[in-house]
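Numbered per our numbering, the first sequence spans residues 349 to 1175.
Derived from the structure by calculation, the hints contain no laboratory data. Possibly wrong hints are sitting among the right ones.
[Stated by the list, open to error] List time: in silico DSS-like cross-link candidates among lysine-lysine, alpha-carbon distance up to 25 Å:
no., residue 1, residue 2
1, LYS568, LYS621
2, LYS362, LYS504
3, LYS1151, LYS504
4, LYS621, LYS546
5, LYS1151, LYS1124
[Stated by the list, open to error] Simulated restraints, written as ranges between beta carbons of each label pair:
no., residue 1, residue 2, range
6, ALA1174, ALA731, 29 to 39 Å
7, PRO379, ASN421, 38 to 48 Å
8, GLY1167, VAL523, 30 to 40 Å
9, GLU892, LYS546, 53 to 63 Å
10, ALA1108, PRO1004, 18 to 28 Å
Note that the Cβ used here is the ideal one computed from N, Cα and C, for glycine as well.
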Amino acid sequence: MSDARYDPATIEPKWQALWEREHTWEVSNDPGAEGERNAYILEMLPYPSGEPHIGHLKNYALGDAIAHYRRRNGQRVLHPMGYDAFGLPAENHAIRTGEHPRTSTEGSIAEFQKAFRRWGISIDWSREISSHDPSYYRWTQWIFLRFFERGLAYRKEAAVNWCPHDQTVLANEQVIDGHCERCGALVELRQLEQWFFKITDYADRLLDDLDTIHWPEHVKAMQRNWIGRSAGAQVRFRCESAQTDYEVFTTRPDTLFGATFFVMAPEHPDVIKLAAGTEHEQAVHEYVNRSLTESSEARGDADKPKTGVPLGRTVTNPVNGEPLPMYVADYVLMEYGTGAVMGVPAHDQRDWEFATAFGLPIRPVVAPADVDDPDIETQAFTAHTPDERLINSGQFSDMDAVAGRDAIVAWLTERGFGHGSVNYRLRDWLLSRQRYWGCPIPVVHCEGCGIVPVPDDQLPVELPDVRDYKPRGRSPLAAAEEWVATTCPRCGGPARRETDTMDTFVDSSWYYLRYCDARNERAPWDPAVVAQWMPVDQYIGGVEHAILHLLYSRFFVKALADMDLLSVQEPFAALFTQGMILGPDGHKMSKSRGNVISPQPIVDRYGIDTARCYVLSIGPADQDAPWSEDSLAGMYRFLSRLWRLGDELAPATPDPSAATTPDHLEGDALTLVRKANWAIDKVTADVGVRWGFHTAISAVIELVNELYRYPDADPAARRFATATAASLIFLFAPHLGAEIYERLTGERVWEQPWPTADQAMLVADTFELVCQVNGKVRDRLTAPTGATRDELEALALASDGVKAHLNGSQVVKVVVVPGKLVNVVAR
RNA sequence: GCGGCGGUGGUGGAACGGUAGACACGACGGCCUCAAAAGCCGUUGGGCGCAAGCCCGUGCGGGUUCGAAUCCCGCCCGCCGUACCA
């Protein structure tokens, strides 16, 4: 056995230099050869802040394994890289240190570039992009203008989430439990004019098309919840004294006869007006003011007792003419539905609590089958039971609840009191930010013309340099007077530039399109080129982007497809969400916990191949798993064992036939070649079908263990088995795989087709027959592979173990699974 | 509440109706060595037994099946997402 040492520090740079020199991983946009298939493998682009961490390593090791696997299966693989370079962390760093965000960001990008090369990731560097580069954000602005032209980007004043710490507005998606996603500050509501994308226009398509993509169920579920489609009806209630109609949205039009009151949100514009002149005017004022100053977190607490104040007026229930007292209460939200609800305390828990607190009548109108009255003593009856029917509902009484609902909606529609309707939880995407380090919004404000888009030929609107990055409630850009002051492209008069910048999620909503045609200077992309690659065949990233990035990107693609700029409806045909690598203590890595493992020292000590194999071997790739230094060392030990085999078996002149099965096999040589074919079969299924990277690596370990078990087997068989191990491990340890494969065969492993298992080698002449009595294993025999059911049954019945356990009892039945086992059922 | 995922040795995990615990880590023992490191070879779910072997074991309780970690029903626990969404 070889006693030379596996030294990744000499092997790895050698191959990296070769791949770099030969541009090995670049693909052109020229159509491939006949029969060649294109594949687009993409990992989520990194946000360049500081240095890459261990999560990046796992992400790119995973994507790289897939990319290599697809290439060797004959596909032309697009595997690019870029940077999501705008954003708050760099800007906050600038506020602290005065260093320009561009300087720190580009420093960080350099770290990532270095790391990706040191990690040997097979990237097509000719397509590299960064979102902060004017040659990129020029097209972000161009896309914004296309959205603007179609009314998909618009300005409106609305109650928006305001982070007092970061001094900027936030999208709904960026508010977590009432706190800022970035800094954790308690978010306030402010009435401000802001830019929005009309993502709500796409709610139905975003929901329906989830059925067309191969994404993890939990991610689809999150998106469904977030879109929050509910079907119901819009119903109009007349307030005679105010001469106004108020509409409500309800998912339960079947309970309309059970309405006993009517509630409006404190933010509802008519609340103050309605109370004016009534005895409740003062109380309503106070209540509304209190609600508006309360944090969204405190107000959103569902356990909070119901509060409210009467408005001193009534509305009329259209189905029965009953007057319903009106209230203002903070459990009604202005943002959802119409900002007003009908109170049906018998069938809605919140209404039940409100009615109980205010002594309002609770009238059941839906009853389960065979029950006269539902139990509403301690809570609302909200369950949907089979065959439930309407009661106390005028002409609709005794109807089946589902039929009754439709009948009531039809009745309302006929008389103009309402109609069926659908509501969404999804709101439009608030995209403007009062911050510096982002893509400028390419419009100007002209006194005469209003909002005027910057013409395409004047793009990009470049981000000016400023001295002070500190947010002061308006964008730091507003201080760049010379930049702000401009002329109106329409009338030529004086105008001011928009000083808000875009949410960085805008930048990352289309980057995967730019990769396809990254150097195009006339357009963001050529639709014909994009059509070659899109959609992304396999997207890989963290589950933290399940809603934001993945929903926004889907919206972008649909909107761009509607403009005939794309021919696909979905950006990512398949998605894989990798699990986190936790600290050695089993907790999420964090500086404050002091459990952060940094990749660089690991790579220096063991080499990147060990690190890559390790992060893919700790468990199923979509699951979280803790870091273990010991297991990492174990992986190094395994790669060393493989390397020593290669070193020992490498002939003076490499022989390409080492990669093919030797002839005339018997004994240990046959065992080894069988094991090699078993490993090919196993790794192919694990990587190609099941995404079982950890079991794939285990299979190669088994193959190597087998080689150590038979050190005296025929060298040709050992070379074949070792070359096979190198060929398979190449997906995860590309440098070592290439090194050993070349030393044994003289060939470049990445230019070799993915190996195919020889079916004849997957079955042996004999197998171990498991003999059970009543389902319990009682014996194991060696049986010939082709044995018939009868032969197997006879073998089993004759075995000592079976006979000992039958011990006189009667055989009722014998189940035979050919090639596997015999189960004798006895009584 | 709702939605999604999960519960298997000391640890990470295998087994996708057919031998529970592959593979790895850790631990223990051995070989090599003056010694150590490295490496190599064993043993390693629990209990009883000198042994052959037997019994018990996949969160809990039922069920389907010749056979269940796996499928079905009912619980318990954990994680993730979301939540006064009418």
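Verification of the supplied hints:
1. LYS568 with LYS621: 44 Å, violated
2. LYS362 with LYS504: Violated, at about 58 Å.
3. LYS1151 with LYS504: Status violated; Cα separation ~85 Å.
4. LYS621 with LYS546: Violated - the C-alpha atoms of LYS546 and LYS621 are around 31 Å apart, more than 25 Å.
5. LYS1151 with LYS1124: With a Cα-Cα distance of about 13 Å, the restraint between LYS1151 and LYS1124 holds, given a limit of 25 Å.
6. ALA1174 with ALA731: 29 to 39 Å: 50 Å, violated
7. PRO379 with ASN421: 38 to 48 Å: Given range 38 to 48 Å: violated, Cβ gap about 19 Å.
8. GLY1167 with VAL523: 30 to 40 Å: 59 Å, violated
9. GLU892 with LYS546: 53 to 63 Å: Violated, since GLU892 and LYS546 (Cβ atoms, about 25 Å apart) do not stay within the stated range.
10. ALA1108 with PRO1004: 18 to 28 Å: 22 Å, holds
Checked against the numbered hints given earlier, the structure breaks hints 1, 2, 3, 4, 6, 7, 8 and 9 and satisfies all the rest.
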